[in-house]
Structure formats: structure tokens, C-alpha cells
Amino acid sequence: MTTLFTILFDGVAYGMLLFVLACGLAVTLGLMNFVNLAHGAFAMAGGYVCAVLVNRSGVPFFAALPAAFLASAAIGLVAERLLYRHLYRRSPLDQVLFTIGLVFMAVTVADYLMGSSQTFIHIPDSLQGQINVFGVGVGRYRLMIIVICGLLTLALQLILMKTRFGSRLRAAVDDPRAAGGLGINVPYVFALTFAFGSGLAGLGGALGAEILGLDPYFPLKFMIYFLIVVTVGGASTITGPFLAALLLGIADVAGKYYVPKLGAFVIYTVMIVILIWKPHGLFGRTAAR
Amino acid sequence: MNSDRIVGALALKRSRWGWGETAFWLVAAASILLFSDRYLILTEMAWLGLFALSLDLILGYAGIVSLGHAAFFGVGAYAAGLLAVHGIVREPALALVAAGLAAMALGFVTSFLVIRGAELSQLMVTLGIALLLRELANRFSDITGGFDGLQGIVIDPVLGLFAFDLYGRTGFIYCLVVLFVLFLVARMIVHSPFGLSLRAIRNNPLRAAAIGIPVNRRLVAIYAISAFYAGVAGALFTQTTALASLDVFSFERSADLLLVLVIGGAGYLYGGLVGAVIFRLLQDVFSSWTPQFWQFWIGLVLVLIVLVGRERMYRGILWLPRQLGARLGKAKPAPSPGGGGA
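Line order of the protein sequences matches chains Y and V. The working numbering numbers the first residue of the first sequence as 1 and each following residue consecutively. The working numbering numbers the first residue of the second sequence as 1 and each following residue consecutively.
The shape of chain V in the complex, shown without the other chains (with noise of 0.2 Å):
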């Protein structure tokens, strides 16, 4: 048919780079050398913004509400941290990926439970399956270490060529390339006919299945691939910190999640990178104003934003780019988070 044709070619036509993403890859690799005594708060940033593109991944593109997402970014970090302690995979790329699949495959698991209910019950289970784990983290204290954390992490070299610095340099380029590279994945994925129907489904499941869409394989494929994402976030973390401790599993890490992709907004991939830098650096303007209480802005942030309205902020924000990209002409406006494509 011909209406094929045009949803075809529509799709691709947003599937081609944009300037806009080329400049916003240009400016991350260039703050490499921009801001050479920020690594720290850079690293962060990278490995926030992949574990935040993992939920933007369900949440954004299939709709799946996650209130524990901190479980599988706390597996990747276990076991990026075992396997380093242990020595059984020295090689941090290599540790990395077999992370992402340890957490991969609980996401597996865990997403039969989760695509059963509606979205309150879907809240609860993500919450209870992350409390759980963190509980059994705290249980077999003899293996994660319990509360103090696990001890004598030394993450070799990656490739066993770049060795990590005391500036975090390696570090950062490192969290950057990955990034880089599943970003450059996931813009497959949502690009795919699979990320297609996954939108399908995420409005309107009924529909999507009715149109023979296999919806809860779909969600399935997705919730693991998602899993896997934050695991490898959490790999990320322990890599660059050395640090594993039951707080990778906290209520409050999932929570500050959800509040990086509201922020950065979500279902345009890009979302959770804006929104992870722009709470990095909310976090480090709130806590020099008040070093105990920084929470207490984060918490107004959220309800101020839910207040407003997240369509209601997006279209405030958006209002200049898209007035700019008008007057250009031929420019494309930015594309619009949250509304779910045009």
C-alpha cells in the first residue's frame, strides 16, 4: 500500500542523524579536554546518563513504569566488583559485558512478573523485587561484603593497554566510549521495526496485539535488553569508584532516576543524557548551598516539576529552540520528549 511507504519513509526520515546530535557527540568528546579537572563529576555523569537511557529504554519506548531500577544497575555492580575481586574476568571491557548479562538475565526473569499488572502494580513489584535483592545482598554478606561494601577491588587495565589514573582521564574516556557505543545501539533498537512496535504497544496495547504484535514478547526482549543497559552502568560504577556497597540497590537510587529522565525528558533517547548532567550539576550547586540538606531541593525539583506538568515544562523549554528552528527554515525543530513522536 502506499501509506506503507510514507510511514516507512517517515521512519527512516527521523532515524538520520540530525546536526543536533552530531553536536551534542562533538561537545561530550570534546569536554574530554574542556574540562580536564572535572573527570569526577564527568564520569558520573556518563554512567548516570547510560543507566538513565537504560530506564528511558521501558519507560519511554514501552511504557513500563519502574519504581526499583537500581536492581539491575546493583547486579552489574557486584558483579563487575566480584569479578574483579575474584579475579575470574580481569579484564574490565570483558567484566563489563559479562555484568550487563548477569543483570540481563535477571531482568529476564524478573520481567514475567512485572509486564503481568497495570502500572500501580508494576510500581510496587519493580520496588519490592529491588528491596528484595538488597536484602539478599545484605543476607550473604560473606560474599557482597554486607554493608561496608566489598573490599580490595583493583580493576586492571582496559584491553590491558590503558591503565586508570588517579585523575579519573582513563576513566571518563572510557565511561564515554561505552556510552557512545550502546547510545549508538539503542538508536538502532527504538529505530528498528522493533522499537516501533514496542511505541505501538506503549500506546496502546490492545490495539498493537490486535494488529499482530506479539506484545508481551516484545516487552520481555525489551525489559532485558533494558536490564542489561543498567547493568553495565552499574559495571561502569564500580569500575570507575572501586566500590560496591548495598546503597547501588537503595530506593533512593531509583528514585533520583526517575527524576533524571523527568527532567531530561523521556522516549527520545537523548532524554536521559541532558537530564543526567543537568541533575549532576543541580546536586553540586544544591549541596555547596546546604552540604547536609541537598535532598531537600532535589524533593522540591520533583514536586515542582509535577506541579507544573512535564508536557507543560518541555513545551516551555522547547518554545525558543523551536521558534529558532521555524525562522531556519530548513532546519528541523528538536524533537519532542514525553509526547511520543509526532
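Bound-form chain Y, shown alone (with noise of 0.2 Å):
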């Protein structure tokens, strides 16, 4: 029972981290149609970003945190506004060709830059250690990540279906023409957007690399998962994707606990059934675009 309800919380960890750093590509990918395999790279920006500031100069990691945040969503607005927008219009060939040039370029000016070994983040020590709930050892780093990555999934449910920009970022989505017409300058929503998703990218990069690892193939590594979050979930909402993640999480968790010999390959399996049953996703519209 205890070793369930481990499993079950580190499964949770581990799917709210997907989440958020997959999130941003549910955007590109599942609502602008834009096929962004470079977006683990953007995570790995922001790991890297904490990373050094923690490690060298000594900033302090809750700190480090929204930096990593605005680096990477820095990094998000140039790429979009100089690259990205161009390829809005090609081919999904063209897109994955152009992105995985870009992820071979990640790749080998992290691995110059910090080196090819796994980097590690110097976490504090309130963070280290387990507490006690009821009996069961909980991990306070997860728990944490826990805490914060569900706040950050109802600011984004309310900022998505409250806000003003929510409302553009649909109407862009749904029809970037009629959204046009009507005055919302759908370029700007777009880049704000994909600014936003990269930051949050960031974030998870710099979470994450206590428990996913943090080394310069961090983009490939684990581009599908994203695309398998992404995709499982659909995208016309964010839950869809929220709930693709947790199931993903823990099913991984699980899986590595209990037949760990059969690894990633359950997760393929299941990808390529749900692909090829549902090809919107288990939680999207059937008349998505």
C-alpha cells in the first residue's frame, strides 16, 4: 500500500513536470499547427540558465527559478520572431527538418558550452529529505514541484478561458483570419504565445533537472514524451494535455517500478494505438483542423 501510494506520488510529480514543460508545445504544435521539435531545447536553456546561476554565482534557487523562466522565454521570442514565423505556412516536412537542424545546433553549443557530462543543481536543503504524511514518506522536492506546477496549471486554465488574451489566443487559433478582421493582432498573440510556452518550457527544464536529468541531449532524449503528451492529450484544451501528462507520468513511474525490463516501450505502444484509434487525441475534438 505504501509503495502504491509512493508510486502514485512520484507518478504525479512526474506528470505535472511533463506538463508544464510540454505545455507550450500543446500551443505550437496542437493549436498553430507548427511542428517544434525544438522545443526541449528551450527546457534545457532554462535547466542551463538555473544551473549556472545556482552553481557559480551563487543565486538562490527559488530565485534561479523565474529567471530560468525569462531566459528561455527571451530565447522563445527572438527564435519566433526571427525564425519561427517564417515557417508558419510550410509543410509539416519543412517544419520538422528546420527544428531538428535546430536541435542539432542546441545540442552541440551546450555540450561546447557545459560540457557533455549531467549537470546537477545545487538544491537547498529545506528541499532535500522526505516528511512524513500519514505514514508514507513524500519527497519534498516533489512535493513541491507538486504544489508548483499545479498553481501554475490553474493560472494558466484561468488565464486561458478568463483573461482577455485567452480569448484572442482562441479566437487566433480557431481562425486567425476572422480573429484578424476583428482586430486582434494575431502575430503578436502568436509570439507572446510562443514566448510564454518557452518560458514555461524554461521552467520545467530548471525543475526537472533534479529528476529527469540534465545533460546536452536533453532535447531528444525527451521530445517524445512532449510529443506524446501533446498528442495523446489533444489540444483544443489544456486539461486534455494535463491529464495526458499525469496518465504518462505514472504510468512511466509504474512501469519502471514494476516491469522494468520492458523500459520506454509499453509508452511507444500505447502512443502509436491511441495515434492511430484516436488521431486527435484521447481528450480532443474530432473536428479539430
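If you're looking for bench data, these hints aren't it; they were derived computationally from the structure. Careful, some of the hints might be misleading.
[Said to hold, decoys possible] Simulated DEER-style distance windows between Cβ atoms:
{"hint": "1", "chain 1": "Y", "residue 1": "Q118", "chain 2": "V", "residue 2": "E311", "range": "40 to 50 Å"}
{"hint": "2", "chain 1": "V", "residue 1": "L206", "chain 2": "Y", "residue 2": "N33", "range": "12 to 22 Å"}
{"hint": "3", "chain 1": "Y", "residue 1": "D174", "chain 2": "V", "residue 2": "V27", "range": "50 to 60 Å"}
{"hint": "4", "chain 1": "V", "residue 1": "V27", "chain 2": "Y", "residue 2": "I276", "range": "38 to 48 Å"}
{"hint": "5", "chain 1": "V", "residue 1": "A210", "chain 2": "Y", "residue 2": "A178", "range": "43 to 53 Å"}
{"hint": "6", "chain 1": "V", "residue 1": "R139", "chain 2": "Y", "residue 2": "F120", "range": "52 to 62 Å"}
[Stated by the list, open to error] Chain V is nowhere near these chain Y residues, computed Cβ spacing over 10 Å in every case:
{"hint": "7", "residue": "T2"}
{"hint": "8", "residue": "Q130"}
{"hint": "9", "residue": "L158"}
{"hint": "10", "residue": "V186"}
Even glycine gets a Cβ: it sits at the ideal position worked out from N, Cα and C.
Got two chains here, each in a separate frame; can you build the complex from them with the hints?
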């Protein structure tokens, strides 16, 4: 019973982390129909920014997290304005080639700057160890991840549903031309959304360095996980990818615990089956474009 | 009808050998004597060219995109390796066919998953299948050797006559002959009515179905054929290097392959071969600049190609040959890649 609870807890933490990492991709891939395989590169950038700030400059961990968000968001904004926006109308093949090129470059640049070995971020003592909840040991770091990511998810949902920007974004995604006709500055909305998504990825990369590991191959290793979250979750809502990320997290942790030899095999199979069975995702609308 | 005959005549005319093609293969054959100290890199070009040719068959002719073509390459590589290690089929050329057939079987089975979706889900499904196979190969490490790869691959002489030598001369000639034979077959396939129907499907599947082309069956067929080619390429890799490790399924291999085909241009068969030569030379140059970080330049090339635009790049490169062709009058200009014929 205790192990079951621990697995569930770790799985939820892992899933929440995946959600924060991937939700930017849910917008670009799901809503803007742009195949961005380089999404993990933004996450990696956030992770390294956090690592450099904490390890070399002695900035407190909690101050480095917003810095990681801002750095990745800035990189995302520049990349969107300079490069990505020219490719929105290209074929998926072009987008794939382009973003693979970006991934290769990001991997080697990270290797060049930070070395090819794993980078660890010094987390403060207050986050290490476990606390006891009803006789079950709960990792403090994972608890923090669940709290932060849970709050973020709520905030995202509120922004998307209640604010003016959220309704503009939804309108721009539903029909860019009509939205433009109504006076919504569609490129501006997209650029801001892209930057925000990249920033979230960066934050996820910084938070996840402890759990997922951080090395130059991060964008390649986790690319498929992000894609699974988006394709399985569908992209018409925030809740779809969120549930998919939770499922993926729990399944992955449970799979590694109970059938360690199978590895990621189960997850890939599930992804292919779902793609064949429901091309728009488990929780997606069928009438997506 | 009259138009029938014109179309048929045009198709026949296009399928005839041009002087450019003959020259290409003469140069390829001459490279055996000309670059006798560079056999290893030439061998790599040969199997990479065959691998790219297999992607060209589905991408350039049938419009199926794949981000996991390494799956078939890997199956071919492991099949050839296992056949050699366990001494099931000792003769390399026979093992080559067997490995190709193994990959073809996989291609046939997975084709039903791949052809269902639009471009995006094709990319995802092919990627997923390649990753899945890598995971499987890792899981059954008692058969595949896991991360260390297959140990103790010894390849017998080809046809029992030509032993593989240290300089790779036999290996290269063997690869080149296989490449040439399979190229001839591919050339026949794409110029046959079957190949023409594939182009019709690529250009407009709905219309192709309306004129009575069994779209799905044709796509399954070409996908399986392409998988055979990729499997043979993988088997050539294993036989010439005596290596088969998890790396054969890697995502980078599929991604590099796309770059090879994009450099050479899809849809005229020579794209993969030309692309393989250029890609390998580029890789050589890049790794002599910055040994550890050559992938950065490969990435940069990809980014630049897409930003410039593939069509524009080919037009720019083919401008001079076309002008020359027009000057010479009767000599045909180089066929247009990517655009999909006249």
C-alpha cells in the first residue's frame, strides 16, 4: 500500500513536470499546427541558466527559477520573431527539418559551453529529504514540484479562459483570418504565446534537472515524451494535455518499478495505438483542423 | 485516345537512359580505381545512397514522410548480423536478400499504420515505430547484445569467391554492385505504370482514387518495397563494418537521412545518391574543423536549407546546367528534382 502510494505520488510529480515542460508545445503543435521538435531545447536552456546561476553565482534556487523562465522566454521570443514565424505556412516536413536542425545546433552548443556530462543543480537543504504524511515518506522536492506545477496549471487555465488575452488567443487559433479581421493582432498573440510556452519549458527544465537529469542530449531524449503528451492529450484544451501528462507520468514510474525490463516500450506502444485509434488525441475534439 | 499515346510516349521518353546517367555510373565505377585509398568513405556513401534511395521511393514518389526510416535499416542490420553470427546464412549476398525481406515484412505490417494518417501523424507514427524497435532491441539484449552491439560478426567471402579485405576494396565493389542493381530495379519501378500511379497519388490522392487507382494498396506496396531497400542498406552496413548496435535505430540516423535526401533533392532517384556523396563529404569537412561538434554544422545546413527554401535552392543550383543544356540545343537539361516532373 505504501509503495503504491509512493509510486502514485512520484508519478504525479513526474506527470506535472512533463505538463509544464510540454504545454508550450501543446500550443505550438496543437493549436498553431507547427511541428516544433526543438521545444526541448528551450527547456534545456532554462535548466542550464538555473544551473549556472545557482552553482556558479550562488543565486538562491527560488530566485533562479524565475530567471530560468525569463531567459527561456526571451530566447523563445527572439527565435519566434527571427525564425519560426517564417515557417508557419510551410509543410510539416519543412518544419520538421528546420527544428531538427535547431535541435542539433542546440545539442552541440550546450555540449560546447557546459560539457557533455550531467549537470546537477544544488538544491537548498530545506528541499532535501522526506517528510512524513500519515506514515508515508514523501519527498520534499517532489512535493514542491506538485505544488508549483499545480498552481501554474490553475493559473494557465484561468488565463486562457477568463482573461482578454486568453480569449484573443483562442480566437486567433480557431480562425486566424477572422480574428485578424476583428482587430486582433494575431502575430503578436502568437509571438507572446510562443515566448510564454518557451518560458514554461525553461522553468520545467530548471525544476526537472533534479528528476529528469540535465545534459546536452536533453532535447532529443525527451522530445518523444513531449510529443506524446500533446498527441495523446489533444490540444483543444489545457486539461487534455494535463491529464495525458499525469497518465504518462504515473505509467512511466509504475512501469519502471514493476516491469523495469520493458522500459519505455509500453509508452511508445500506447502512443502508436492512440494515434491510430484517435488521431486527435484522447481528449481532443474530433472537428479539429 | 490520342492523348493516351502522347502521355505514354512522354513517359517512355523520360524513362530512356540519358548521357548524364551513363556518365554518373561510369564515374562511380571509375572511383574504384581513382580513389583506391578512400574505400571506407566510398563504402559509406554507397550504403547511405541506397538508404536515401529507399526514402526517396516513398517520399519523392509516393509523398509519405517518415521520421523513423532507421527502423528498417536497423532490422536489416541486425538480421544480417544475426544470420552471420549464428551461421544460418553464411553467404553474404543471400543474407542480404534475407535481411531485406525481414525489413520488408516489417514495412508491410507497419504500412497500414502509417498510410492512415495525414503528414503529421505519419511523422509521429514512424518516429514511434523506430523508437519502439530500439527499445525492443535493448530489451532483448541476450539476442542483440544490447548497448554493446552484436559481438563476433564474421562475414564470409561474397559468393564464396571474394573475401572482404582490410582495405575495404571488396566491400566497396560489393556495395556498389548491389546499389547499381537495386537502382536499376527502382528505376524500372518508378517508370512503370505502377510508378506513374504513385506519382498521381502523391499529387492528388482523391483524384487518383477517382480514376480508379487503388490508393491504399499502392501505398502499402511501395512502403514495403522501400523497407526492403532500407533493410538491404542496413545489411550492407553490417556486412562491411561487422557492426550492429542499438545506434542503427537512432533518431539521428533517420534525421540525417532526411538531410541527405533534401540535399540531393527528392523525386528523381539520383537525389539520394548525390545527397549521400555531398553529405559524407560535408561531414568529413565539418569533423576536420571541429571534431566533436560537427553536428552543429549539419544542423546549420538543415536550418539554412529550409530558410532559403528547398525549391529555390534547387533552382539556383540547376540554373547553370540548364543554361548549358539550352545552349547545347539537343542535349536534355537535368531533370528537375523535388518539383515532381514536368
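Results of checking the hints against the structure:
Taken as a hint, the range 40 to 50 Å holds for the pair Q118 (chain Y) and E311 (chain V), whose Cβ atoms sit roughly 43 Å apart. At roughly 21 Å, the beta-carbon separation of L206 (chain V) and N33 (chain Y) lies within the given 12 to 22 Å, and the hint holds. Range check, D174 (chain Y) to V27 (chain V): Cβ separation about 55 Å, and the 50 to 60 Å hint holds. A C-beta distance of roughly 45 Å is found between V27 (chain V) and I276 (chain Y), which places it inside the suggested range of 38 to 48 Å.
Checked against the hint of 43 to 53 Å, the pair A210 (chain V) and A178 (chain Y) fails, with Cβ atoms roughly 32 Å apart. Taken as a hint, the range 52 to 62 Å is violated for the pair R139 (chain V) and F120 (chain Y), whose Cβ atoms sit roughly 29 Å apart. For T2 (chain Y), the condition that its CB be more than 10 Å from all CB atoms of chain V holds, with the nearest at approximately 29 Å. Every CB of chain V is more than 10 Å from the CB of Q130 (chain Y) (nearest about 32 Å), matching its label as outside the interface.
Separation of L158 (chain Y) from chain V is adequate, the least Cβ-Cβ distance of about 30 Å exceeding the 10 Å criterion. At roughly 22 Å, the least C-beta separation between V186 (chain Y) and chain V is larger than 10 Å, which holds for a residue marked as non-interface.
Going down the numbered hints, you'll see the structure goes against 5, 6, while the others check out.
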